[in-house]
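2 protein chains.
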Amino acid sequence: MHTHTCFTCDQFLLPPPIPRHQGEALAKTINRTAAMLDNNTNGNVAMNPSESVETLPKEFEPYEMASPLVLEEHGVLSENRVKNREIVLGRNVQSSCYAIKEPEADDDITGDREAYMASVLSRYRTSLIERTKHHLGYPYNLDFDYGALSQLQHFSINNLGDPFIESNYGVHSRQFEVGVLDWFARLWELKKNEYWGYITNCGTEGNLHGILVGREVFPEGILYASRESHYSVFKAARMYRMECIKVGTLISGEIDCADFETKLLINKEKPAIVNVNIGTTVKGAVDDLDMVIETLQKCGFSNRFYIHCDGALFGLMIPFVKRAPKVTFKKPIDSVSVSGHKFVGCPMPCGVQITRLKNINFLSRDIEYLASRDATIMGSRNGHAPIFLWYTLNLKGYRGFQKEVQKCLRNAHYLKDRLLGAGISAMLNELSSTVVFERPKDEEFVKRWQLACEGNIAHVVVMPNVTIEKLDFFLVELIHGRCRWYEDGETKPPCLAADVGAENCRCAAHKKLGSSASLQ
Amino acid sequence: MHTHTCFTCDQFLLPPPIPRHQGEALAKTINRTAAMLDNNTNGNVAMNPSESVETLPKEFEPYEMASPLVLEEHGVLSENRVKNREIVLGRNVQSSCYAIKEPEADDDITGDREAYMASVLSRYRTSLIERTKHHLGYPYNLDFDYGALSQLQHFSINNLGDPFIESNYGVHSRQFEVGVLDWFARLWELKKNEYWGYITNCGTEGNLHGILVGREVFPEGILYASRESHYSVFKAARMYRMECIKVGTLISGEIDCADFETKLLINKEKPAIVNVNIGTTVKGAVDDLDMVIETLQKCGFSNRFYIHCDGALFGLMIPFVKRAPKVTFKKPIDSVSVSGHKFVGCPMPCGVQITRLKNINFLSRDIEYLASRDATIMGSRNGHAPIFLWYTLNLKGYRGFQKEVQKCLRNAHYLKDRLLGAGISAMLNELSSTVVFERPKDEEFVKRWQLACEGNIAHVVVMPNVTIEKLDFFLVELIHGRCRWYEDGETKPPCLAADVGAENCRCAAHKKLGSSASLQ
Numbered sequence: 001m002h003t004h005t006c007f008t009c010d011q012f013l014l015p016p017p018i019p020r021h022q023g024e025a026l027a028k029t030i031n032r033t034a035a036m037l038d039n040n041t042n043g044n045v046a047m048n049p050s051e052s053v054e055t056l057p058k059e060f061e062p063y064e065m066a067s068p069l070v071l072e073e074h075g076v077l078s079e080n081r082v083k084n085r086e087i088v089l090g091r092n093v094q095s096s097c098y099a100i101k102e103p104e105a106d107d108d109i110t111g112d113r114e115a116y117m118a119s120v121l122s123r124y125r126t127s128l129i130e131r132t133k134h135h136l137g138y139p140y141n142l143d144f145d146y147g148a149l150s151q152l153q154h155f156s157i158n159n160l161g162d163p164f165i166e167s168n169y170g171v172h173s174r175q176f177e178v179g180v181l182d183w184f185a186r187l188w189e190l191k192k193n194e195y196w197g198y199i200t201n202c203g204t205e206g207n208l209h210g211i212l213v214g215r216e217v218f219p220e221g222i223l224y225a226s227r228e229s230h231y232s233v234f235k236a237a238r239m240y241r242m243e244c245i246k247v248g249t250l251i252s253g254e255i256d257c258a259d260f261e262t263k264l265l266i267n268k269e270k271p272a273i274v275n276v277n278i279g280t281t282v283k284g285a286v287d288d289l290d291m292v293i294e295t296l297q298k299c300g301f302s303n304r305f306y307i308h309c310d311g312a313l314f315g316l317m318i319p320f321v322k323r324a325p326k327v328t329f330k331k332p333i334d335s336v337s338v339s340g341h342k343f344v345g346c347p348m349p350c351g352v353q354i355t356r357l358k359n360i361n362f363l364s365r366d367i368e369y370l371a372s373r374d375a376t377i378m379g380s381r382n383g384h385a386p387i388f389l390w391y392t393l394n395l396k397g398y399r400g401f402q403k404e405v406q407k408c409l410r411n412a413h414y415l416k417d418r419l420l421g422a423g424i425s426a427m428l429n430e431l432s433s434t435v436v437f438e439r440p441k442d443e444e445f446v447k448r449w450q451l452a453c454e455g456n457i458a459h460v461v462v463m464p465n466v467t468i469e470k471l472d473f474f475l476v477e478l479i480h481g482r483c484r485w486y487e488d489g490e491t492k493p494p495c496l497a498a499d500v501g502a503e504n505c506r507c508a509a510h511k512k513l514g515s516s517a518s519l520q
Numbered sequence: 001m002h003t004h005t006c007f008t009c010d011q012f013l014l015p016p017p018i019p020r021h022q023g024e025a026l027a028k029t030i031n032r033t034a035a036m037l038d039n040n041t042n043g044n045v046a047m048n049p050s051e052s053v054e055t056l057p058k059e060f061e062p063y064e065m066a067s068p069l070v071l072e073e074h075g076v077l078s079e080n081r082v083k084n085r086e087i088v089l090g091r092n093v094q095s096s097c098y099a100i101k102e103p104e105a106d107d108d109i110t111g112d113r114e115a116y117m118a119s120v121l122s123r124y125r126t127s128l129i130e131r132t133k134h135h136l137g138y139p140y141n142l143d144f145d146y147g148a149l150s151q152l153q154h155f156s157i158n159n160l161g162d163p164f165i166e167s168n169y170g171v172h173s174r175q176f177e178v179g180v181l182d183w184f185a186r187l188w189e190l191k192k193n194e195y196w197g198y199i200t201n202c203g204t205e206g207n208l209h210g211i212l213v214g215r216e217v218f219p220e221g222i223l224y225a226s227r228e229s230h231y232s233v234f235k236a237a238r239m240y241r242m243e244c245i246k247v248g249t250l251i252s253g254e255i256d257c258a259d260f261e262t263k264l265l266i267n268k269e270k271p272a273i274v275n276v277n278i279g280t281t282v283k284g285a286v287d288d289l290d291m292v293i294e295t296l297q298k299c300g301f302s303n304r305f306y307i308h309c310d311g312a313l314f315g316l317m318i319p320f321v322k323r324a325p326k327v328t329f330k331k332p333i334d335s336v337s338v339s340g341h342k343f344v345g346c347p348m349p350c351g352v353q354i355t356r357l358k359n360i361n362f363l364s365r366d367i368e369y370l371a372s373r374d375a376t377i378m379g380s381r382n383g384h385a386p387i388f389l390w391y392t393l394n395l396k397g398y399r400g401f402q403k404e405v406q407k408c409l410r411n412a413h414y415l416k417d418r419l420l421g422a423g424i425s426a427m428l429n430e431l432s433s434t435v436v437f438e439r440p441k442d443e444e445f446v447k448r449w450q451l452a453c454e455g456n457i458a459h460v461v462v463m464p465n466v467t468i469e470k471l472d473f474f475l476v477e478l479i480h481g482r483c484r485w486y487e488d489g490e491t492k493p494p495c496l497a498a499d500v501g502a503e504n505c506r507c508a509a510h511k512k513l514g515s516s517a518s519l520q
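Protein sequences, first through last, are from chains A and B.
Heads up, the first sequence is in the UniProt record's numbering, so the first residue is 1 and it goes up one at a time.
Heads up, the second sequence is in the UniProt record's numbering, so the first residue is 1 and it goes up one at a time.
Since the hints were derived computationally from the structure, they do not count as laboratory data.
Quick caveat, the model's predicted, so the values are computed rather than measured.
It is possible that some hints are incorrect.
Since copy identity is lost for identical chains, a pair holds within one copy or between any two.
Quick list of in silico lysine-lysine cross-link-like pairs, PhoX-like style, CA-CA up to 20 Å [to be verified]: (1) 403 x 191; (2) 403 x 326; (3) 322 x 492; (4) 512 x 270; (5) 396 x 270; (6) 470 x 396; (7) 330 x 191; (8) 396 x 441; (9) 101 x 403; (10) 191 x 101; (11) 101 x 396; (12) 330 x 246; (13) 192 x 492; (14) 191 x 492; (15) 492 x 511; (16) 396 x 268; (17) 511 x 407; (18) 133 x 396; (19) 101 x 192.
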């Protein structure tokens with residue numbers, strides 16, 4: 001066993017050795033991944049950047065048009081502007097796709113088509129297994145087994161419209177959906193006859209819904225959200241043409257209530273619609289709900305505010321974290337959204353939206369415009385998602401989730417301690433399982449572990465499927481990687497004091513501060 | 001075999017006899033359904049209308065709050081108003097749900113939990129089979145077999161963000177998504193390097209996206225949509241705070257371009273954002289795209305308009321209908337949306353959105369607010385849906401869809417002829433497979449066949465899974481039903497002249513007109 005001599009690592013740290021078989025497995029995995037990525041540009045995979053419209057089979061050729069239509073004059077873009085934007089949004093980043101090929105007449109006989117599709121799917125499945133294994137950056141619980149539900153994949157299950165009002169379409173799963181909603185309403189302490197909600201397609205839909213309800217309740221309201229809120233919050237403001245004020249944050253990522261107060265006082269005449277983060281996207285910071293409410297009341301907004309809680313990840317974890325400020329409808333909050341594919345785990349994105357029944361009625365008051373029962377953002381709604389959620393909630397129950405939350409928090413602490421111990425800047429919010437740390441210098445490494453990055457920081461979200469073993473594996477790779485990345489001694493790891501606080505920073509300047517703090 | 005003597009049927013009509021075994025099967029099905037509905041209120045299914053919050057297990061009890069918080073003063077609803085709305089949106093309509101029960105400590109040992117869940121799922125599956133069999137009202141193709149894809153249900157596949165820019169989350173299906181998008185871009189004749197698009201969650205998301213892009217291109221634009229447009233179009237206007245003008249329709253359900261012209265001329269100073277229906281929800285009417293463009297140009301809007309085509313159902317069918325006006329980006333249209341769960345068939349709702357690349361850049365110009373690559377409505381996106389679509393498109397190809405469209409149109413004509421022949425008011429738009437007819441008087445019948453109704457009319461949407469045999473089965477039930485519903489001779493079938501035109505109406509007043517017209 002060797003001690004590290006690389007200057008980026010603490011002298012006395014002994015990283016766990018990579019057992020021979022693990023080292024081999026690692027090398028194999030890397031090779032396999034590379035091979036698979038190579039495969040992706042071979043044989044059955046078509047390259048994308050074609051310049052012209054492929055012609056359709058002859059019988060589908062466009063009809064000759066009677067008069068040539070004006071195409072180029074339409075629209076008002078200046079060419080320059082378009083070109084600039086195309087760099088950001090252009091197609092050039094996507095290098096490959098599985099093209100759809102028109103079947104040959106004799107495909108049924110030769111079986112070629114079937115064989116082609118089966119081979120694409122089988123290679124795809126292999127890559128999914130590998131990608132699922134090396135995943136740490138997104139807050140998705142990848143540990144689920146819905147085998148018992150595969151029988152339902154044969155049905156077109158659609159909960160179109162309101163969960164509480166049956167439409168005539170009979171192939172739905174409202175009975176499961178309402179069961180799930182009841183469970184969440186109970187978790188967040190809102191009576192059955194006082195709540196309304198639905199299963200959404202994702203966290204964004206929850207935020208779009210919560211903020212829209214807020215705007216309908218207070219049409220002149222200003223939207224306040226900390227600058228570390230999810231981008232969908234600001235997208236909502238833009239979509240809905242709402243005035244939106246960004247509030248500063250503390251180093252932890254929490255909303256800065258002093259700044260909030262200042263901004264409220266400047267805009268006292270208009271009601272406040274507030275997005276409260278129950279776990280920010282990057283740092284997993286939990287806004288202090290009680291202090292937000294206190295600030296609103298102190299500034300004279302006592303009955304002129306609407307609070308939407310964006311609990312995408314943490315909405316489901318926080319009820320089980322001891323000493324955490326409680327998210328409950330016994331406080332004057334108006335809506336809570338949480339993602340279903342994050343902590344619960346689900347094959348496809350989904351979410352749960354719970355709001356006060358009295359508020360939802362604002363959304364559908366204008367029946368001249370809307371079908372009277374339309375109170376959801378989407379019309380047709382995935383009927384499978386509620387069954388997945390129902391299945392897991394039934395299986396685990398409140399107690400099961402509590403155990404998993406505790407495990408995640410423990411493992412997150414382990415990761416943070418190991419990172420700091422290895423001389424890598426890192427931070428973990430007390431109520432969170434999101435470990436923020438120095439962004440790995442190698443983009444291939446970032447991609448391999450599917451880390452979400454912002455500026456100089458990256459994060460690992462410790463979900464129930466993230467075991468100590470997996471974390472160790474990751475740590476070994478990271479520590480070894482850093483030795484290589486910084487071996488020339490010229491480039492140095494970045495200072496993260498502004499991102500995670502000086503006490504959590506292990507850059508050359510703050511290293512000693514951190515070590516002495518941890519010795520105290 | 002008997003001829004009908006009931007006055008609602010034409011004298012000379014011989015309805016196909018119900019073969020004995022079919023009649024028995026029908027009776028059995030009805031009984032089975034009834035039994036199942038009964039079951040739904042038994043045993044494992046909890047009744048919903050509880051009055052209070054059930055308490056959580058003790059360890060999850062809410063913390064005592066330091067100071068009581070103001071609940072009742074929050075919000076500005078008057079009590080009366082709430083009560084009125086609760087009738088529309090209240091929970092009372094939903095009678096049952098599969099409650100989620102907290103697992104007992106010994107569940108693992110007794111196997112009770114597993115048995116409970118399995119029994120719920122098995123009963124649910126039986127009801128899905130029955131409900132899938134008796135379904136005619138919604139435009140969902142229920143005929144699919146994705147058995148080969150069930151292996152993928154174990155993965156949390158998420159195409160978060162832009163389809164053309166890979167995020168760091170590796171468990172995605174962009175390579176399938178782009179294949180599907182390419183196929184549709186080719187169908188609608190937009191070059192690969194000139195289009196942008198994504199797989200949406202449903203038709204509504206497509207409309208929300210198309211109209212939002214339109215508003216970003218023309219921030220002062222007025223939204224024009226025929227009054228028979230899908231409700232999501234008007235919801236978009238309200239969400240986006242856009243001025244919206246409803247345009248009248250012809251009896252067929254198509255947009256009335258004379259009315260459109262009048263309304264355009266009143267608002268010449270503002271650009272026009274136009275929703276063109278490629279198949280309206282109720283009547284399946286296809287707006288005349290060419291005439292809409294002509295009207296815009298005639299009124300001087302030559303380069304100040306944005307056209308979104310809502311092709312939820314028919315966007316995929318119309319390319320294969322001979323003599324249909326072509327939906328193509330060679331005309332000055334800006335976006336087209338189509339649903340994936342409708343004509344293609346998919347276990348969960350989804351859709352395809354195709355728009356001009358140059359337009360999409362407007363949506364993301366404001367990078368201060370948005371992550372620079374965010375151009376979709378939703379953030380996390382279902383990665384399974386693109387694979388389902390990819391699978392079916394590959395299997396069927398353009399030719400396969402053409403055959404299915406032709407079959408649907410033939411079967412729709414058959415149904416319309418049989419209805420009119422039986423003296424039942426009915427209409428079928430030339431380019432459509434949506435048969436509109438007299439609303440069945442018995443709501444149980446409507447529910448049994450899952451018919452979508454509006455006012456005096458109902459419709460059947462003839463999808464690829466709707467066979468002549470199924471239509472015959474339905475017709476027999478409908479004709480027999482009508483004999484009963486109108487047997488007293490006092491109530492008479494409603495006049496549908498205003499809905500389907502006098503020539504398609506078979507009410508007492510218009511009966512002769514229709515018969516003589518059909519003799520000519």
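Each hint tested on the structure:
Within a single copy, residue 403 and residue 191 get their C-alpha atoms no closer than 26 Å, and across copies no closer than 53 Å, so neither meets the 20 Å cut-off. Taking identical chains as interchangeable, the C-alpha atoms of residue 403 and residue 326 lie at most 20 Å apart only when both belong to the same chain, with a minimum of 18 Å there against 59 Å between chains. Taking the closest pair of Cα atoms, residue 322 and residue 492 never come within 20 Å of each other, the shortest separation being 39 Å inside a single copy and 68 Å across copies. Taking identical chains as interchangeable, the C-alpha atoms of residue 512 and residue 270 are never at most 20 Å apart, the minima being 49 Å within one chain and 65 Å between chains.
In this assembly of identical chains, residue 396 and residue 270 lie within 20 Å of each other by CA distance neither inside one copy nor across copies; the values are 44 Å within and 57 Å between. In this homomeric assembly, residue 470 and residue 396 never come within 20 Å of each other (Cα to Cα): the closest approach is 23 Å inside a single copy and 43 Å across copies. For the homomeric pair residue 330 and residue 191, the shortest alpha-carbon distance inside one copy (10 Å) is at most 20 Å, but the shortest distance between copies (55 Å) is not. Within a single copy, residue 396 and residue 441 get their C-alpha atoms no closer than 39 Å, and across copies no closer than 47 Å, so neither meets the 20 Å cut-off.
Taking identical chains as interchangeable, the C-alpha atoms of residue 101 and residue 403 lie at most 20 Å apart only when they sit on different chains, with a minimum of 17 Å there against 49 Å within one chain. Proximity of residue 191 to residue 101 under the C-alpha cut-off of 20 Å is restricted to the inter-copy arrangement: shortest distance 17 Å between copies versus 54 Å within a copy. Taking the shortest Cα distances, residue 101 and residue 396 sit within 20 Å of each other only across copies (10 Å), while inside one copy they are farther apart (44 Å). In the homo-oligomer, the alpha carbons of residue 330 and residue 246 never lie at most 20 Å apart, since the shortest distance is 27 Å inside one protomer and 43 Å across protomers.
In the homo-oligomer, the alpha carbons of residue 192 and residue 492 never lie at most 20 Å apart, since the shortest distance is 57 Å inside one protomer and 44 Å across protomers. Proximity of residue 191 and residue 492 under a CA criterion of 20 Å is satisfied in neither setting, with 56 Å inside one chain copy and 47 Å between copies. In this assembly of identical chains, the alpha carbons of residue 492 and residue 511 lie at most 20 Å apart only when taken from the same copy (12 Å versus 89 Å across copies). Taking the shortest alpha-carbon separations for residue 396 and residue 268, neither the intra-copy value of 46 Å nor the inter-copy value of 61 Å comes in at or below 20 Å.
Neither within a single protomer nor between protomers do residue 511 and residue 407 lie at most 20 Å apart by alpha-carbon distance, with minima of 30 Å and 74 Å respectively. Proximity of residue 133 and residue 396 under a CA criterion of 20 Å is satisfied in neither setting, with 23 Å inside one chain copy and 34 Å between copies. Only between protomers do residue 101 and residue 192 lie at most 20 Å apart by alpha-carbon distance; the minimum there is 16 Å, versus 51 Å within a single protomer.
In terms of the numbered hints stated before, the structure departs from hints 1, 3, 4, 5, 6, 8, 12, 13, 14, 16, 17 and 18, listed from lowest to highest.
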